[in-house]
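Asker: Sequence:
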Amino acid sequence: VQLQASGGGLVQAGGSLRLTCKVSGINFRLYDIDWYRQPPGKQREWVAGIKSSGSTNYEVAVKDRFTVSRDNVWRMAYLQMDRLKPEDTAVYYCKTDPSGADVWGQGTQVTVSS
4 VQLQASGGGL VQAGGSLRLT CKVSGINFRL YDIDWYRQPP GKQREWVAGI
54 KSSGSTNYEV AVKDRFTVSR DNVWRMAYLQ MDRLKPEDTA VYYCKTDPSG
104 ADVWGQGTQV TVSS
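Numbering of the sequence shown is given in our numbering, commencing with residue 4 and proceeding in unit increments.
Hint data in this document are derived by calculation from the structure and do not stem from the laboratory.
Incorrect hints may appear among the rest.
Said to hold, decoys possible - Restraint ranges, calculated between C-beta atoms of paired labels, are given here:
(1) Lys45 <-> Ser102: 26 to 32 Å
(2) Ser116 <-> Ile29: 34 to 40 Å
(3) Gly44 <-> Asn75: 34 to 40 Å
(4) Leu33 <-> Ser9: 31 to 37 Å
Every value quoted in this text rests on a predicted model; they were computed, and no experiment measured them.
For each residue, glycine too, the CB sits at the ideal point set by N, CA and C.
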């Protein structure tokens, strides 16, 4: 099982980025995908998730600014991030848990300048 997160970068406050998580090695449509982030000097935290059914959930701080989605044909998950704030600066990771064991992507850096 492999997850590859991409799409990070440097953006000004108020801007947008779309992160992509490419998944291989599992029957993608059967599994939930979660997005996490780790701000500098802080612990990793959950940001958003999309279940195999397509239902979504968001951490309060990103609700109404971030949108998580998935494409079961191309086996990708997305995190659309709008109205970015400096406090969104972090390394962002995607995760799934086939067979009850967490599998993480390598992370992609998002830096939001003020």
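Asker: Each hint: holds or not?
Answerer: Going down the list of hints, with the structure as the test:
no.	hint	verdict
1	Lys45 <-> Ser102: 26 to 32 Å	29 Å, holds
2	Ser116 <-> Ile29: 34 to 40 Å	36 Å, holds
3	Gly44 <-> Asn75: 34 to 40 Å	36 Å, holds
4	Leu33 <-> Ser9: 31 to 37 Å	23 Å, violated
Hint check: a violation occurs at hint 4 only; the rest are consistent with the structure.
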